[in-house]
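Colleague: Model the full assembly from the supplied sequences, consistent with the hints where possible.
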Amino acid sequence: MIPSSTIGEGDPARSRRHARRAAALLAAGFLTIAAPHAVMAKVGPKVSGTKVSATKAPAAAKAATPAPLPAPPADGIMGFVMTSFSPAVHIGKDDCPEGPQGVLRDHYLETLPAPEATRLRLKVNEEELTSRWKKYAVGPDDTNICSQPQLFDRPPTRFLKGKVAQGINLDGDSGNGAGVPNGCAHENFFGPDGEPGVDNQYWRVQGCAEGVRGVNDAPGETTRGLNQFLLSGEHSQVLILRGVDSLVRDDDVEIIYANTEDRAIVDSNQKFLPGASYSVTRTPQYRNVLRGRIVNGVLTTQPVDIRLRQTWGQGGGRDIRGARSEWALRRSQLRLTFQPDGSLHGIVAGYQPLLNVIQSPSIGGIGAATAAGINCAGIYKALKLAADGDRDAGGQCTTISTAIEASAIPAFINDRPAGQKVAER
Amino acid sequence: MSRALSSRSLSPSPSGRRSPARWLAALALIASPLALAACTADKAPGGAQASALSAPPAPLFTGALAQVVAMRRITESQYRNSIADIFGTDIKVAGRFEPIVRPVHELIATGGSASTISPAGLEQFDAMARGIAAQVFDADHRGWFVKCTPRNPKLADSACAAEALTPLGRYLFRRPMTGGELAAYVKMADAAATQTGDFHMGLQLALSAMLTSPNFLFIVESGEDDPASPGDLRLDNYSRAARLSFFLWNSTPGEALLTAAAEGRLTDAVQMAAIAQKMVQSPRIEAGVRAFFEDMLLFEKFDEMAKDNVVYPRFNADVAQALPEQMLRTIVDHLIFRDGDYRDLFTTRHTFVNRALGPLYQVPVSQSQGWVPLELPAADERAGILGQAGFLALYSHSGRSSPTLRGRAVRELLLCQPVPNPPGNVNFTAVQDVNSKTLHTARMRLNAHNTDPVCAACHKITDPLGLPLEKFDGIGAFRYTENKAPIDTNGVFEGVAFSGAVGLGKALAASKSTTECVASRALEYATGRHPGEETDLITGIEQGFEKQGYRMRSLFLQIATLPQAYRIKAPAMGTTPAAIAALGATPGGPTKIGAQP
Amino acid sequence: MTFRLDRRTALRGFVHGSMVAVGLPLLDIFLDNHGEAMAATGAPLPIRFGTWFWGLGVNPPRWFPDKVGADYDLKVELEPIRALKHKINILSDFSVPLDGKPNLPHTSGGVGIRTGMALDAERGLPGPSFDVLISDQIGTRSRFRSLELSATGDPRNSLSGRGNGNLNPAEVSAASLYTRIFGPGFRDPNSATFTPDTLAMARRSVLSGITDQRQALAARLGTADRQRLDQYFTSLRQLEKQLDVELTKPEPMQACILPKGVAERPVNAEIENVMVNHQLMTDLLVMAMACDNTRVFNMNFNNGASSLTRIGSTITHHQLTHEEPLDSMLGYQPDATFFVAKCMEAWHYFVNALDSVKEGNGTMLDNSLVFAHSETEFAKFHTIDNIPMMTAGSAGGRIRTGIHVAGDGTPVSRVGLTLQQAMGVSVDRWGTNSMETNKTIKELLI
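Residue numbers (the working numbering), protein chains in the order written: chain A, 1 to 425; chain B, 1 to 597; chain C, 1 to 446.
Some hints could be false.
To be verified - Computed list of lysine-lysine pairs in DSS-like fashion (alpha-carbon distance at most 27 Å, straight line): (1) Lys134(A) - Lys384(A); (2) Lys271(A) - Lys439(C); (3) Lys123(A) - Lys135(A); (4) Lys442(C) - Lys85(C); (5) Lys187(B) - Lys241(C); (6) Lys384(A) - Lys163(A); (7) Lys460(B) - Lys301(B); (8) Lys301(B) - Lys439(C); (9) Lys439(C) - Lys92(B); (10) Lys442(C) - Lys301(B); (11) Lys547(B) - Lys512(B); (12) Lys163(A) - Lys381(A); (13) Lys437(B) - Lys484(B); (14) Lys67(C) - Lys85(C); (15) Lys484(B) - Lys271(A); (16) Lys442(C) - Lys92(B); (17) Lys271(A) - Lys67(C).
In short, the hints are calculated from the structure, not lab data.
Modeller: Printed below as a string of structure tokens:
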């Protein structure tokens, strides 16, 4: 720890600069120090629960150190704004024995006979190779592997081989999933705490992609991008919990999980500020109503389809950049843990349609394939093979189990229940 | 919806654009019901407002212009408001305004009486003037201001130019032009039209000359013999029109006031009182009260406020922008919309917040856009204008609160009690070490610092008024402790002990110094002269203020109708009291409060 | 030193006559800025403004100085500017808030810097770029209002325009640039003919009209107010003098020499070729300014999503920033960084070319303000906060140089506002939504 006196009065501008620079380095992956925990306002050390002894601690929560939890407010209403929301990453050392997912150029070379691949890898043949692998990205009639991945039949990209992933047992099955109604057989993961039956076939497909997994312990571009969009207000999310009597045990809590159009209120380091106000979106389909319970500081919800706005600022197609799309998480469940500082942290899991997984490069089109080297068709093929939900008549599963890691901090949320236009005036 | 918001919606007009001569609508209260339609008439060029502009005769000034007793540099907001009122709110004013230097312990309003215009400043005024004139006579707008048709748009046309420039000159100079002045501007228009081959370019250049003229850039006050006080001068009618308008509405006199001046009604005490009474009842008084408190409370300092974002990461540009507006909304809501007692401004629990301020106050804000009323709970330790984050943040250092700066600001700004500057060689080490292992709170650090009797002498004056605010940090956010140590918020003022921001507010509300100070500031603001030793006059105004329940409108009305405020003791030409005052008020730097612990 | 002081004292008396009260602080400042140049030549030297753009940013830890303020430290990627560091400012830590609009990669950042607006869709500039607003102020009287150049080809490689579909196309060939400037139509400042501007003549007579009113007002004033009025008229005379200068045949431009022609060369994005094209264009531009045929320019070294390549390679700079892994030992992408080094080498060439032309007591660079910027901070992640920016030259004494200014996360529109004000644009507030600002960067303005 840096002695606080050096930050105090000596040269405020200089220390300010250092802090910002450190934040920038951290973001850029140059440093790997842990970010300090934000100190939340209005969080006292009070514990209201006198019923602690009456509650049985479930087995899954035994690893959690019992930390004092704040008492819920008297009216039982708690508001939160989401501060992170991106695919849940768990790094295992045996995850990607064949290396990372790789880029289109590599995948193209893998389709060739070995001597031809070796020839093309020579420096003198670079121009020929570039021209050929870029052609590999396009199909007839102006199609390309990212805009129309389903029109190409390409070898699947590499799967993750590890046994452990974050996520929730969505189908209630701990075997191979073959018997799940409307599902498809798949290899379940164990959770980081050893919980069996964890469904996260998304991680199976994308866990070796550097943009998702990250490089050298720095978060990947997907993680950074999605969290950045929360900040920029492109798909900011809020939670309202109603009827909360205790964070130790409450069998019935209503949860509003919605987008907000309000710009994030952040500090000078681009971190969300607690205690800011947000209003629920005016678009009713992005206001989801969930029911759940709290046991020993962990909020879980019953499965329900969740729709949230998703905005992609990135991509390559000239006119559809910034296109708006959706998170469509079917039979989705939340598992969020109250933290001593008043924040929430945990998992949002559900089944998403296969094409949604590659929505960003699809919107990007040919540029995603040739500039960033994303092999959309190969990923799509892998998604089809790994899909585990919503089996169609032909026996093909059309959705894939996904776990998203989410954090939220206290906020004041103004609800806009559907059909309440008069009250707004 | 609060009264604050509904009242504000009166201006600008619903269409978002205020038409030329906007004051006609407001002044209908005074003069006649004509031209309320001016608010919405912008869709019809050449409609109501244009005819309103040319409806009354725009006579020339006959006889000799009187002796000048004061020249007050127009402020930025007065300039902007004048242009909006005369030409419409869609005429853009873009440029840097040369700041008016605030004399130490005085108002910018008095600085304006001694201020001049530098070459760099005039260059900017000239550029702004040309920008405004180009818009006024562009194809979209000229129809409202030029009712005649030039014989040939490529040639000069003296008669048409004179017809267009005569009313504009009267609005800009706040009196009709003399025949000589009009002839000069028409000559400029003609010459420029001939040189450029464009009649309207001629008008543009003539108008930009008017806007660059000292008669516009200075509010020229002139005096005539005062029959009530032989040997002295009193402000003449047109100067009174400008005084009333700029003091009460912070803008240029409109048609009704200019007409009243032409008819000599503003030197008639009864008639002037009736006009002033209607002006303080108008919604436009809000602009006047805002401008007064911006001056009295040194709001120009907000432009320079900076916070260390390591210490206060949640202080950002949106918060900085909201703070002065929150104070002004609280002030005009209490004093004008609620017609509250000035003393209660120090204890009121009514204020306003927007989304940016929500996290700082830790309160919900029910709307995504704009301001919403906030009533602080009775038990809240925050109340009154001194409990506002704007005041608390402005009188703090960039990385810590400052009981001394806060106490000094209370003394100097709200009680009119100047505090001496610290000596040059003070050792501030003890005060500045906010991470001291032994001195956890500001009070402890100041006590250590005050073992030096030289320091203690001044800190005795300031700190007891600042330490009660210590539960608010350097950006005005509430805190229970400092460095985990409890905060002692006891203070004492005029022999009475109290604690906390609420106690301080009550103590100030109970003191005559508070009400005398604002009365004195209002007089200084209206006249542009520091009242100096005129204590009897101030006492008298304060008594009138008291009689009216300390209502701000009544204070403004009293000063607007006070004969002494219009009287100039004039011993001899060339050495008017205004001149002496101007010389005496040596412009120094701005009050250097920042150099203290 | 005493000589200078005496000369200025004498000058003050001469310029302002015996009536003027001495010791007016604002007047002194004015003379410090402009008096010397006027006294030396009778006319102020032309002040130029221009931009120099490079795409794909830098490696932040290897580029930004640690020290804020004067005498900043040079990191390895800024090493090329060492010799001219005292004439260059580094601007860090300004933000481009987009208010929920998408971050269009390689576009939003540069456009935000130049227009103070967030881009809605990739359809040109959302409003005027501030170089155009400056050219409205200082560029109207020279032959070219401004010159736009792209050393990487592509005439659409430009960030200058008025919005609504208007984009000033860039000249991509050095040979064509030569013809455009020095071909038929070249205006030789050293030629014998001079036609004064009619509008300036009209304005000049209007100012005389105001002066004519002096007597009438002065007669009504007491002593103190009369002094203040005198100061006003002194200021007015300065305005008249400025117009007089515009109406007088300009001084010969001593550095103006008609350069030799330039042969046609390939126009492409190979870095080796781009370096040469950039040098040729720079030299022609410098001479165009030495001959006062333009006072505003926009030089684009490479483009936003940089298509720079090395001869014999097909992989572009842009592709490298995304595909090349961060070297875990070095902490950066070595191949992509090669191009960063080339950009900074070219920047030094450019600034040095301006600094090599002697003008008055200084150089052309001293009489210019060059604003250099990129469109991303760290291209791999498309980050648009803390985009690297610099200024070079002191704009004839209006800009302090040799300092590193940290913006502490404030909007980048402060830079545009400050530079416009330094160049005399009448603007006090600039940008829209979160980028609207009235806060200039005081550290820069003298």
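Colleague: Each hint should be assessed against the structure and marked as holding or not.
Modeller: Hints versus structure:
no. : hint                  : result
1   : Lys134(A) - Lys384(A) : holds, 24 Å
2   : Lys271(A) - Lys439(C) : holds, 23 Å
3   : Lys123(A) - Lys135(A) : holds, 19 Å
4   : Lys442(C) - Lys85(C)  : holds, 20 Å
5   : Lys187(B) - Lys241(C) : holds, 22 Å
6   : Lys384(A) - Lys163(A) : holds, 20 Å
7   : Lys460(B) - Lys301(B) : holds, 25 Å
8   : Lys301(B) - Lys439(C) : holds, 13 Å
9   : Lys439(C) - Lys92(B)  : holds, 19 Å
10  : Lys442(C) - Lys301(B) : holds, 15 Å
11  : Lys547(B) - Lys512(B) : holds, 13 Å
12  : Lys163(A) - Lys381(A) : holds, 21 Å
13  : Lys437(B) - Lys484(B) : holds, 11 Å
14  : Lys67(C) - Lys85(C)   : holds, 14 Å
15  : Lys484(B) - Lys271(A) : holds, 25 Å
16  : Lys442(C) - Lys92(B)  : holds, 25 Å
17  : Lys271(A) - Lys67(C)  : holds, 25 Å
The structure is consistent with each of the numbered hints, conforming to all of them.
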